[in-house]
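Novice: Let the sequences and hints guide you as you build the complete structure.
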Amino acid sequence: MTFRIQPAMLKIAAAAWLLGATSAMADTTLEFTQWWEPELPAGSLRAIMNDFEAANPGIKVTLVSGPYATTRDQISVGAATGTLSDVVGLDGAWVNNLNAQNALADMNPMMDASGFDKTQVADIIKVDGKAVMFPVASFVYPVFVNMDLAAQAGVTKLPSTRAEFLEAAKKMTHADKNQYGWVLPLSLQTPSGVQNDLMSWVWASGQSMMADGKPALEGKPVVDMLTFVKSLNDAGVISPGIATKTEQEKVEEFVNDRVGMMIDSLAHVNLIRKRNPKLNFDLIPVPVVENYNGKRGLPYASWGIGISAASKHQEEAWKLVQYLMSEKVNAKLVSLANAFPGNVNAKPDFVTSDKAFGKAFEIFKTGYLANEFTGLPVAEDLMTQFDVEAQKMLAGEQSPEQAAANAQKGWMAKF
Amino acid sequence: MTRQKRSHHRLKRAVAPYLYLSPSLLIIGLLMLLPMVTVIAYSFQNSAVLRRDPSFAGLKHYQAIFVDPVFWASLWHTLYFTCMSVVFHMTIGMVFALMLNSDRINPTLRNILRVLYILPWLFTAVIIAVIWRLLLEPNGVVNSVLMQMGIIGSKVEWFSSPETALHAVTFANIWAGYPLFMVSLLAGLQGIPKDFYEAADIDGAKAYQKLIFITIPQLMPIIISISLLDFIWTMQVFPLIWITTGGGPIYSTEVLSTYTYKLAFSSYNLSQASASAVVILLISLGLTLFYIRYQKAR
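Protein chains in written order, with the UniProt record's numbering: chain S, 1 to 415; chain H, 1 to 298.
Read the hints as simulated data drawn from the structure, not as lab findings.
Glycine included, every Cβ here is placed at the ideal spot set by N, Cα and C.
Misleading hints may appear alongside valid ones.
Stated by the list, open to error - Now the stretches of chain H that chain S is said to cover, found in silico as 3 or more residues with beta-carbon under 8 Å:
no. : stretch
1   : 43-51
2   : 127-140
3   : 159-166
Stated by the list, open to error - Quick list of in silico lysine-lysine cross-link-like pairs, DSBU-like style, CA-CA up to 30 Å:
no. : chain 1 : residue 1 : chain 2 : residue 2
4   : S       : Lys332    : S       : Lys60
5   : S       : Lys170    : H       : Lys155
6   : H       : Lys155    : S       : Lys214
7   : H       : Lys60     : S       : Lys409
8   : S       : Lys130    : S       : Lys414
9   : S       : Lys414    : S       : Lys220
10  : S       : Lys274    : S       : Lys170
11  : S       : Lys278    : S       : Lys347
12  : S       : Lys409    : S       : Lys230
13  : S       : Lys177    : H       : Lys155
14  : S       : Lys220    : S       : Lys230
15  : H       : Lys155    : S       : Lys171
16  : H       : Lys206    : H       : Lys194
17  : S       : Lys126    : S       : Lys274
18  : S       : Lys312    : S       : Lys295
19  : S       : Lys414    : H       : Lys60
20  : S       : Lys230    : S       : Lys170
21  : S       : Lys170    : S       : Lys214
22  : S       : Lys319    : S       : Lys130
23  : H       : Lys194    : H       : Lys296
24  : S       : Lys230    : H       : Lys155
Specialist: Following this line, the structure appears as structure tokens:
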């Protein structure tokens, strides 16, 4: 059998090839590395990317997804080898190191060139004056209170100051029944307890652990916080096993009615309900120092976003960042993640449908996001150093002042 | 055969074994030598991995770890953890092996004990860590039992107290590792000829004399080999310590592996972490050479 190619067929094939080749040449494929996709409902981030592609013909997005720790390692290696993806999901704790490697693009010129309204974003993370990260979604850390334990202990007014917190914690503690007022996880394996459960007391009162861009751990705010935590420990209101307790164990103890209060991520609300549907809990802001009436700093962890300095498609990458930070898309993304928005105008749908989230959203709206570890060099290492000094203090080996002074010395070496 | 042909033939014969070995040499080179050499090179560089053009650092990173008191504490903890583990692995392994080899125990009970004793070996390090965290937590079973028996008056924070944490992780590791000794020694016990014991019986030897003069000398090659291997492996234990204590509280359970891990993935000081890894490599290498020489001597 012979197969004869008709001239018309040849022309069609040539035209099709030309069309395909032209469109392939016109398409820009952005690589977007993040850990968000596995944490969102299946297919939801891809759907947002599809919408972006439809709104921006000629730009395709390839999602490179993995668990948080894997993504962190992948980004560190990518920054070192110059193979960082065009757009990267970032944790505030990483940006200083990445900036030191010149791995992140400064988004200031992009914002200026595109006339981007900076007032619409909740925060812009800057290192050395360079805008390197936007928090896309924020997971705030309020205080969770077990209302049944509080009622049994006769705590009628939920604490709003540190002194009230100590009193409430004392009332809720019954060591003979394995029941304690507060839980503090200071495991060295994941030292984030320093950020979420210790420094949150400082930020809540509008105070700072820094001064002029340098650590100020020997200042009154941090020493007072350590003194307060020591007083809680001395009063025996903290659940035992502090030095090796992890965040997961903290949540487990709260879920199982073993602690009255904990500072925890709002992202855990659904998990807590799932683990113990009968648990009656409420959310309050982290209590403040006496007579403080200013705005409260709200500790948070975030899904940040940045652009690779080595990207050949920074213009297209900026379009994707803008898209994710826009009011409607941001609201959609954070609704899926049960997080608070990076765009101040965005309103996630769960705040109207869920009482707990609604209350947390009010706390969020009346305060401001505060996490001073964001942008610091080797943030995890700083937390580990502070953790060790706090553990020594709680073990009775040193005073709060000595703990602060030793941590300051260690931190200064890293700056 | 001409002279040239003969030398060609000789060359072919000399090269042939290396050609047969080349696939495995290539794999060993790629998977073992290359990473090892890379890590050694990193230990002499500033900002290794993190910069594209790292500068030469000389012995700076070695000096930095040698003046770090946490490194020396880690070394001491590693030695304590390893020595205690090996000694108790051997002792418990020997006792259980003798028990399982004894004719005085009912065969059914012996089979049940055989399964029970080997159980720790079936669990991964993560499972073992989780089991012991649950058992030894302040509100855990161990404290409850000890308090009911009147052995302790109040709850002990086994993993969270600097006084008890190192002993607690060592205990967990002893529990996890004795089956290797038990199985190896049991195999050795079954290989000792019965004649020796019969001759000893005729001479009126007592049980402990048979143990000291027959059993232990006969098992000595196994004891030394397994002890050396156990020493090398235990020195590098990471997941059990990391999951139970993370090297804390304070630095009370910091060992060389957790110290190196923190340098690399918490401080992002990959050069210093490489220097610490090279120190571990040298210690392991020394022990391995000792083991190889012992094996050759046998």
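Novice: Decide, hint by hint, whether the structure agrees.
Specialist: Here's how the hints hold up against the structure:
1. Counting residues of the stretch 43-51 of chain H whose beta carbon lies closer than 8 Å to any beta carbon of chain S gives 3, which meets the minimum of three for the stated coverage.
2. Only when three residues or more bring their CB closer than 8 Å to a CB of chain S does the claim for the stretch 127-140 of chain H stand; here the count is 4, and the claim holds.
3. Restraint check on the stretch 159-166 of chain H versus chain S: 5 residues with Cβ-Cβ distances below 8 Å, three needed, restraint holds.
4. For the proposed pair Lys332(S) and Lys60(S), the alpha carbon gap of about 20 Å is at most 30 Å, so the pair holds.
5. Under the criterion of a C-alpha separation no larger than 30 Å, the hint pairing Lys170(S) with Lys155(H) is consistent with the structure, at around 19 Å.
6. For the hint linking Lys155(H) to Lys214(S), the alpha-carbon distance of about 41 Å lies beyond 30 Å, and the restraint is violated.
7. Between Lys60(H) and Lys409(S) the alpha-carbon distance is near 21 Å, which keeps this suggested pair within the 30 Å criterion.
8. For the hint linking Lys130(S) to Lys414(S), the alpha-carbon distance of about 21 Å falls within 30 Å, and the restraint holds.
9. Annotation: proposed proximity of Lys414(S) to Lys220(S) holds, straight-line Cα distance about 22 Å (limit 30 Å).
10. In summary, the hint linking Lys274(S) to Lys170(S) is supported, as the alpha carbons are separated by about 28 Å, within the 30 Å threshold.
11. Distance hint between Lys278(S) and Lys347(S) is fulfilled; the C-alpha atoms sit about 29 Å from each other, no more than 30 Å.
12. Between Lys409(S) and Lys230(S) the CA atoms are separated by roughly 21 Å; this keeps the pair inside 30 Å, and the hint holds.
13. With a C-alpha separation of about 13 Å, the suggested pair Lys177(S) and Lys155(H) falls inside the 30 Å cut-off, and the hint holds.
14. With a CA separation close to 15 Å, the supplied pair Lys220(S) and Lys230(S) stays within the 30 Å bound.
15. Our distance criterion of 30 Å between C-alpha atoms is met by Lys155(H) and Lys171(S), whose separation comes to about 21 Å.
16. Note on Lys206(H) and Lys194(H): the hinted pairing holds, with a Cα-Cα distance of about 15 Å set against a maximum of 30 Å.
17. Distance restraint check for Lys126(S) and Lys274(S): the Cα-Cα separation of roughly 38 Å exceeds the 30 Å cut-off, and the hinted pair is therefore not satisfied.
18. Proximity of Lys312(S) to Lys295(S) is assessed by CA-CA distance (about 42 Å); at most 30 Å being required, the pair is judged violated.
19. Distance restraint check for Lys414(S) and Lys60(H): the Cα-Cα separation of roughly 17 Å lies within the 30 Å cut-off, and the hinted pair is therefore satisfied.
20. Note on Lys230(S) and Lys170(S): the hinted pairing holds, with a Cα-Cα distance of about 14 Å set against a maximum of 30 Å.
21. The straight-line distance between the Cα atoms of Lys170(S) and Lys214(S) is roughly 36 Å, outside the 30 Å bound, and the hint therefore fails.
22. Pair hint Lys319(S) plus Lys130(S) holds up; C-alpha atoms about 18 Å apart against a cutoff of 30 Å.
23. Only pairs whose Cα atoms come within 30 Å are accepted, and Lys194(H) paired with Lys296(H) is accepted, the gap being roughly 28 Å.
24. Between the alpha carbons of Lys230(S) and Lys155(H) the distance comes to roughly 20 Å, so the proposed pair stays at or under 30 Å and holds.
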